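Asks: Sequence:
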Amino acid sequence: MTFFVFSGEFPQKHPVFILPESKNDVFLNRKPSKGIQNNPNIIIPFMRKAFILPALIVTGLAAQSCQQKNQEKNMVEEVTADTTAVSAKVASCDVRMDGITFTGALNGADTCVTVKDGRAIEFRCTEKLDFFCDPNGGQLSNTTLPILLTEVDNSQPFTLTAKVTPGFTTEGTYNAADLFVYANDTLWQKFAFEQDERGNHRIVTVRTQGTSDDNNHERLTVPSVYLKISSDTRTIASYYSLDQKEWQMVRLYKNYYPGKIWVGIASQCPQKGECTSLFEEVSLQQTAVSDFRMGE
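Residue numbers (my numbering): 82 to 377.
No lab work stands behind these hints, which were simulated from the structure alone. Note that the structure is predicted; figures quoted are calculated from it, not measured. Ideal Cβ positions, reconstructed from N, Cα and C, are used throughout, including at glycine. Hints should not be assumed to be uniformly reliable.
[To be verified] Heads up, simulated BS3-like pairs for lysine-lysine below, C-alpha to C-alpha not over 30 Å straight-line: (1) K326 to K170; (2) K170 to K335; (3) K209 to K353; (4) K335 to K197; (5) K353 to K197; (6) K170 to K244; (7) K170 to K353; (8) K197 to K244; (9) K197 to K209; (10) K170 to K197; (11) K209 to K244; (12) K170 to K209; (13) K244 to K341; (14) K244 to K335; (15) K341 to K170; (16) K326 to K209.
[As the list claims (entries may be wrong)] Simulated restraints, written as ranges between beta carbons of each label pair: (17) N217 to E327: 18 to 26 Å; (18) D295 to E232: 22 to 30 Å; (19) M375 to S173: 33 to 41 Å; (20) S173 to G280: 32 to 40 Å; (21) E278 to T182: 34 to 42 Å; (22) Q237 to A172: 34 to 42 Å; (23) G354 to L221: 27 to 35 Å; (24) G180 to T314: 20 to 28 Å; (25) A172 to N281: 30 to 38 Å; (26) K197 to T316: 30 to 38 Å; (27) E327 to A172: 36 to 44 Å.
Use the sequences and the hints to build the structure in full.
Replies: If you want it as structure tokens, here you go:
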């Protein structure tokens, strides 16, 4: 049998029940300590059988269940609040290339790109520009990165694909070429080919809902890689490939974004120097991958 111990000060006008000091006190009808006996605000049940214990246990479990349900309700309400706001910071633009037309620019992204023969985009980024919501008090938060975007209907499937060649440099820690899913400054995902702190080049995903969940994935030794983000409206997943034939899944989660969102590309340079990235074979299709594990 489980016994609960209650402690703390009680209001003088409210009598309270206190359990006997040991389980033997219940069955042997022993008296409690003198300090408890002399407190007029405490009512102590003495009985041969512990009928009161199951009632107290049930009451405690019921209170705990109600508290848990309230916490879950608050969590759902917070998620709903986060996922309904779409940023008004995106400015209109018109950047066209084969496979996609970008109609939105965040942080002046349309002034940072050059379209090459209609088939590629060169994306220039100066230093100290990044997109990150620091989970450790916000000291490293930075939402200044230029991002080139196009609006999509999130109630329909979509797949964004691009071959990316980031502008890696010896001093360019966190330089990267990115694919983005963007609703607002605290609700987005970044999928990147990025340089880490040791100079390695890695696949990186950053999923942000209030604060950023930053993940380093495989280390690659190639200059370019194919990146793909796909959604069937319920699930959204990220994949990379070296040959656009065999795809490796690196992240999959519930699509909790609002009905209208933006997807796009960016080149980032959070530290020193600059990062000029090349985006080729960019396409946006209104279909999802048929196999979310294989990315095909």
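Asks: Could you run down the list of hints and mark each one as holding or not?
Replies: We went through each hint and held it up to the structure:
1. K326 to K170: Violated, at roughly 37 Å.
2. K170 to K335: Judged against 30 Å, a Cα distance of about 25 Å means the pair holds.
3. K209 to K353: holds, 7 Å
4. K335 to K197: Distance of about 36 Å is beyond 30 Å: violated.
5. K353 to K197: holds, 26 Å
6. K170 to K244: holds, 27 Å
7. K170 to K353: holds, 26 Å
8. K197 to K244: holds, 14 Å
9. K197 to K209: holds, 26 Å
10. K170 to K197: holds, 27 Å
11. K209 to K244: The hint holds at about 24 Å.
12. K170 to K209: Within the cut-off at roughly 20 Å; holds.
13. K244 to K341: With a Cα-Cα distance of about 25 Å, the restraint between K244 and K341 holds, given a limit of 30 Å.
14. K244 to K335: Holds, at about 25 Å.
15. K341 to K170: Judged against 30 Å, a Cα distance of about 14 Å means the pair holds.
16. K326 to K209: Judged against 30 Å, a Cα distance of about 35 Å means the pair is violated.
17. N217 to E327: 18 to 26 Å: The hinted range 18 to 26 Å is violated for N217 and E327, with Cβ atoms some 37 Å apart.
18. D295 to E232: 22 to 30 Å: holds, 26 Å
19. M375 to S173: 33 to 41 Å: holds, 37 Å
20. S173 to G280: 32 to 40 Å: holds, 39 Å
21. E278 to T182: 34 to 42 Å: holds, 37 Å
22. Q237 to A172: 34 to 42 Å: Between Q237 and A172, where Cβ atoms are some 24 Å apart, the hint is violated.
23. G354 to L221: 27 to 35 Å: violated, 19 Å
24. G180 to T314: 20 to 28 Å: holds, 22 Å
25. A172 to N281: 30 to 38 Å: The hint (30 to 38 Å, Cβ to Cβ) holds, given that A172 and N281 are roughly 35 Å apart.
26. K197 to T316: 30 to 38 Å: holds, 34 Å
27. E327 to A172: 36 to 44 Å: holds, 38 Å
When each numbered hint is compared with the structure, violations occur for hints 1, 4, 16, 17, 22, 23.
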